[in-house]
Amino acid sequence: MDTHRASLTRRAGLIAAGVIPAAFVALFFVVPFAAILGRGLGQDGGLSLPSDIWLSGETLRILWFTIWQAVVSTALTLAAGLPLAWAVGRYSFPGRALVRALVLVPFVLPTVVVATAFLALLPDGVEQGLPAILAAHVFFNIAIVTLIVGGAWEGLGREPWEAAATLGAGPWRRLREVTLPLLAPALSAAAALTFLFCFTSFGVVLILGGPGRSTLETEIYLQAARAFDLRTAAALSLLQLAMVALALLAISRLEASSSGGRAAAAARDGLRRPAGRERAAVAAVLAASGTALALPLAMLVARSLDTGTTAWRRLFEETPALLVTPWHAIVNSVLFAAVAAGLSVAVGGLAAAVLARVRPGALDALVLLPLGASAVMLGFGFLIAFDEPPLDFRSSWWLVPVAQSLVAAPFVVRIVAPALRSIDPRLREAAAVLGASPGRAWREIDLPLTARAVGVAAGFAFAIALGEFGATVFVARAEWPTLPVSIFRFLGRPGAENQSIAGALAVCLAALTVVAALTLHRTAPGRRGPL
Amino acid sequence: MRRPRALLAAALVLLALLAAGCGGEDDVPTEVVLVTHDSFAVSKDVTAAFEQETGLKLKILQGGDAGEALNRALLTAGDPQGDVLFGVDDNLLSRALDGDLFDEYRSPQLDAVDPDYTPPDDRVTPIDHGEVCLNYDRAWFRERGVAPPGSLDDLILNRYRNLLVVENPATSSPGLAFLLATVARYGDERWQSFWRGLRANGVRVVDGWEEAYTQQFSGAAGSPGKRPIVVSYATSPAAEVIFAGKPLDESPTAAVEDGCFRQVEYAGVLRGARNAEGARKLIDFMLSERFQADVPGSMFVYPVRGDVPLPDAFRKHAIQPEQPLTLPPDDIAAGRDGWVDEWTRIVLR
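From first to last, the protein sequence lines are chains A and B. Going by the working numbering, the first sequence runs without a break in its numbering and finishes at 531. Going by the working numbering, the second sequence runs without a break in its numbering and finishes at 1349.
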């Protein structure tokens, strides 16, 4: 009787939990996106399919370039990120937390800031074009691989690996037959996100690609925001969304067939200090990645000091470039990002709770779909969808955190759902048998076991919201500028002082990211679970 | 039982957020909303003066460059986001007028505007003008004992090989202005051969002003760039002095008088504005001496009123080209897309 009631309550809870994220996505994604597509493709009251645009040689050329640069970038990012994931996922060493925090910085800083710092570091002759695009993609997305795969690696525990060693398997065989299969879910999650970011890459392609080189995302932007050809922009947006959906489904098939291990919640052995040859390998990986990550940052610090300490003092003075002092922009950014992180964890966490009760599959993959939508089109959609009561809020301040959490919530789902799934269902059954209500079981089993994942997700969401530019710029009000928006304002003005203020603000953004990541790392519950 | 309650709380928070956004509008408008682009800037005491004079709160919606701001307005034509749109230049004017964005308004302050900037249509009011000009790095030419370029024609000389960086006219507003300058100078028949000459002479093309000026141009303070000639503005040399972070007697850069292209920026009362009365007051204010005098220091362009004093740095370091190149807005509207396509084929393919 009691179990029956409990299961009913649980089901009702699940449905209620699903309604909120579904409503959020419907209201803030589907409605505006459909509105702008309808405006672009509408004709005499009906819709006209833009097959002429889809089949044109120019579209196919752009599509082909978009796909292959994303595939190559993803492969390179995985190759560059795995050694670092191994080092931070397997070993403890001084400064480990700092490395994990630093890796997030390029991911969070607005593309144009890092791209310009990056440009200055590239050897002469590699200033524009494909090599620059690929290198920048690796640089920007290495955080995804390091944190997701590294986190999973850390959770693996050493038993299966040591068992294999006892059975006589060499290091390569252990990597191939034990570690990689166990890491498969994390690897495919990291690959999916990296691919998505490279496929929809905007700033990198626009700045480093050189004139005339377009991906779908940059072409949509040019058509919508420059040429005001909404029909072409809508056609390309649909194409991009379809391609992203296909890619996500393909990756989820791969994921399913690779039958990931249910290992993440296993008691952890703890990280250990590298010994012997490992020490040299870890040191080499850290030195190489550390240099690559720290150099552009050092460039930004140097730029902020180009005019002595003037730029730093100017942060507290009013300037015509902003309606407020740059310091206000820093405060705004932190507040907006905090609201956005809370919103993302609430919405994404609920979605994850629902997803975790069904078998992993296409739905997990499709959660990422909103990231496949062009920010410009979504921004335009906000303008025309929310222009009359009861949806009259196109210039409300809270559209900023909402827009940011549209970008951040999918990450939360992707990080929290696997953690929830990896909880042994027998724990919950045992709790029910012992008389715990579903709510109590959730509080005492699900929550502590996933607190770490939720913490990581909240940190990611905060960082993403902090650096979000594409959607924010369309909804940010002048008296509430965010950090990335302000950096752009100063970069867009001549004069040493403006450029070094942009540098100083970028340094602040980087520092905030590092502090947020370090704080979360510290407050995340201890490595050993309650068991 | 905790869970449903937590859910309820979350739902309530969302509802409250929605309700906050739907808050009712007052019947008597107490604010006026200016829609504009990222380069718009104004001093705080100037906006405070407006608010005090009119009793209206000035709200500014800003995002994207001039083209993006216009496109957002076109998207919401008839049901606008604000009351006034500022930042439509000659290159974009025909698109704004064809899109039926504005209501007619003739400000009484127009009489004070220099006749050079008389608006081509009753629906728009000129506010400022800026000239897109070649800039060069003084030190670079001085150290090498090479004469800096004096005209557009010079750019195809061997002496200036691999020295010029320009913006792509398809993606950049100064880039488009420079293309229009060459069309205005060389005419429909000959501008193409000028660009073929530039290409042969090693011109570098980048997508935006930021990259051209702050990354590729050697003269901008702090720039890692190596090219000493760039397409920028007549006022950029003054900005290099004002924002140098230290006192300078001479700007590190200079603008070339020849080949400058003039862009006038207009404002208009948006059709369907919630506060049309306030919108007209705002436009009057933008033509007032107070606002016009603030224009150079805030936005680095020139006021359309001739009777306001310019800041010292502008008189010393910026140029005001006597006879800038121009094209009639109708010609620009008719030719622009074709010229950009042709330019792309000639220079990039």
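What the hints contain is simulated information worked out from the structure, not anything from laboratory work. Hints should not be assumed to be uniformly reliable.
Okay, the calculated beta carbon distance ranges per label pair [to be verified]:
no.	chain 1	residue 1	chain 2	residue 2	range
1	A	L369	B	D1114	49 to 59 Å
2	A	A284	B	G1197	28 to 38 Å
3	B	D1341	A	G46	43 to 53 Å
4	A	R96	B	N1162	28 to 38 Å
5	B	Q1320	A	A287	50 to 60 Å
6	A	L254	B	D1341	41 to 51 Å
7	B	R1349	A	E317	22 to 32 Å
8	A	L518	B	D1045	52 to 62 Å
9	A	G46	B	D1337	55 to 65 Å
10	B	D1114	A	Q43	44 to 54 Å
11	B	V1146	A	G308	50 to 60 Å
Residues from chain A that keep clear of chain B, each with C-beta distances beyond 10 Å, as calculated [as the list claims (entries may be wrong)]:
no.	residue
12	S51
13	I53
14	V331
15	V473
16	R477
Even for Gly, the Cβ is constructed at its ideal location relative to N, Cα and C.
Results of checking the hints against the structure:
1. About 54 Å separates the C-beta atoms of A/L369 and B/D1114, a value consistent with the hinted range of 49 to 59 Å.
2. At roughly 52 Å, the beta-carbon separation of A/A284 and B/G1197 lies outside the given 28 to 38 Å, and the hint is violated.
3. A beta carbon spacing of about 31 Å between B/D1341 and A/G46 contradicts the range 43 to 53 Å that was offered as a hint.
4. At roughly 47 Å, the beta-carbon separation of A/R96 and B/N1162 lies outside the given 28 to 38 Å, and the hint is violated.
5. The hinted window of 50 to 60 Å between B/Q1320 and A/A287 holds, with their beta carbons roughly 55 Å apart.
6. The hint said 41 to 51 Å for the Cβ distance between A/L254 and B/D1341, and at roughly 42 Å that hint holds.
7. Between B/R1349 and A/E317, the C-beta spacing of about 48 Å breaks the proposed range 22 to 32 Å.
8. As the Cβ distance of A/L518 to B/D1045 is approximately 41 Å, the hint placing it in 52 to 62 Å is violated.
9. Roughly 28 Å separates the CB atoms of A/G46 and B/D1337, a value that falls outside the hinted 55 to 65 Å.
10. Checked against the hint of 44 to 54 Å, the C-beta distance between B/D1114 and A/Q43 comes to roughly 46 Å, which is consistent with it.
11. For B/V1146 and A/G308, the Cβ-Cβ distance of about 32 Å falls outside the hinted range of 50 to 60 Å, so the restraint is violated.
12. Non-interface call for A/S51 relative to chain B: holds, since the shortest CB-CB distance, roughly 23 Å, exceeds 10 Å.
13. A/I53, annotated as away from the interface, keeps every beta carbon of chain B farther than 10 Å; the closest lies near 17 Å.
14. Residue-level check passed: A/V331 sits 18 Å from the nearest beta carbon of chain B, beyond 10 Å.
15. Listed as outside the interface, A/V473 is inconsistent with that label: its C-beta sits roughly 5 Å from the nearest C-beta of chain B, within the 10 Å cut-off.
16. The claim that A/R477 is not at the interface with chain B is violated, since a C-beta of that chain comes within 10 Å of its own (minimum 6 Å).
In summary, the structure is inconsistent with hints 2, 3, 4, 7, 8, 9, 11, 15, 16 from the numbered list given earlier, while agreeing with the others.
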